[in-house]
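Trainee: Starting from the given sequences, assemble the full structure and let the hints guide the process.
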Amino acid sequence: MRFLKASYKKQLQEISKTRQKLNEILDEMEKTTMKELDDEMTSLKASVKTDMDNCIQLKNELTQLSDALKEIVDKSKAELLFVASKKCLEKIKHSETYLKENSVQIKSSLTFQANSDIQQYLSKLSGLGRILVCTQAVLLYDDPDQIFTVQGGSLKSLLTASFSEEIFYISAICVLSNDQILVADRAEKKVKLLNHQYQVVGHCNVNGYPCDICQITPSEVAVAVDKDKTNEVQFISVNDGLLSNGTTFQFEHKCIGIAYNLQDMYLSSGTALYKYSMQGDMLEKLYEDTSALKTGNIMQY
1 MRFLKASYKK QLQEISKTRQ KLNEILDEME KTTMKELDDE MTSLKASVKT DMDNCIQLKN
61 ELTQLSDALK EIVDKSKAEL LFVASKKCLE KIKHSETYLK ENSVQIKSSL TFQANSDIQQ
121 YLSKLSGLGR ILVCTQAVLL YDDPDQIFTV QGGSLKSLLT ASFSEEIFYI SAICVLSNDQ
181 ILVADRAEKK VKLLNHQYQV VGHCNVNGYP CDICQITPSE VAVAVDKDKT NEVQFISVND
241 GLLSNGTTFQ FEHKCIGIAY NLQDMYLSSG TALYKYSMQG DMLEKLYEDT SALKTGNIMQ
301 Y
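Oh and the sequence shown: position 105 is 105 in the working numbering, straight run, nothing missing.
Calculated from the structure, these hints are not laboratory results.
We put the beta carbon where it would ideally sit given N, CA and C, even for glycine.
Keep in mind that a hint or two might mislead.
[Unchecked claim] The list that follows gives simulated cross-link-like pairs (lysine to aspartate or glutamate, EDC-like), each with its CA atoms no further than 20 Å apart:
#, residue 1, residue 2
1, LYS10, ASP179
2, LYS87, GLU71
3, LYS254, GLU288
4, LYS254, ASP228
5, LYS59, GLU40
6, LYS227, ASP240
7, LYS189, GLU220
8, LYS86, GLU61
9, LYS49, ASP38
10, LYS87, ASP67
11, LYS107, ASP51
12, LYS31, ASP117
13, LYS100, ASP51
14, LYS70, GLU90
15, LYS5, ASP179
16, LYS49, ASP39
17, LYS93, ASP53
18, LYS189, GLU232
19, LYS107, GLU61
20, LYS9, ASP179
21, LYS45, GLU61
22, LYS100, GLU90
23, LYS254, ASP281
24, LYS254, ASP289
25, LYS254, ASP240
26, LYS190, ASP240
[Stated by the list, open to error] Cβ pair distances, simulated, as ranges:
#, residue 1, residue 2, range
27, GLN199, ASP281, 33 to 41 Å
28, LEU262, LEU128, 36 to 44 Å
29, LEU128, ASP281, 51 to 59 Å
Mentor: Shown next, in the form of structure tokens:
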């Protein structure tokens, strides 16, 4: 269910990204169309201004010639009257020709014609895409907080039909939140990383017999290690299929069981249950019963 919810959340983000991309495309198309509208408006305004400037210039020239003729007539300069009259007639003819060519008033307007192909195409679409259900075979127990009880070799007998001969004695198993499988091989004193075909794809040595494993972070586990006078918790990181040793805490009591909850670490010595900080400091002894060899095993439900 956790994986399903994560995939649902991711697909919501993908749908939002798709919508955002479409918005960006439409925004760019709108900018291009608006620029085309502005360019046409600028061109039409320039044409109208040119016509107005020409009319004003002709009017000014005719006015100047008219004033010059009046001055010549007043001063009785007959020799200049002929030349001025000729120029005036030429300018009048030029003005009449221009006005005749531009006698029809043209009213310009701008019209936007939408691309119907875009609207028709979008109207035929029922959604932004298709929702597909992808299935993949995974382990039934994908909860990293779930504990598997191993009695003798029963778990090993159940799983070794799928495991290769690279695993000899399973003492603990842990499934990380990203579905990576870790098993403790007591016989070889190793923690091994398995793929979904239960083949060993990585391993890491520990200093004794790995008795138990618990998850600390999505990429880190803690291993309870015990052998003779070796009583310790060894942290192992898992990154890109590679296992690497981290911090090691040593204890005076045996370490055969381990659990992690609310930033605290719980260790079992077999007859007692201890609570430790993640810095390796003992906070309290929660339980002790020395009436038998294993009365303080860690159990989770």
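Trainee: Any of the earlier hints contradicted here, and which numbers?
Mentor: 5, 6, 19, 21, 25
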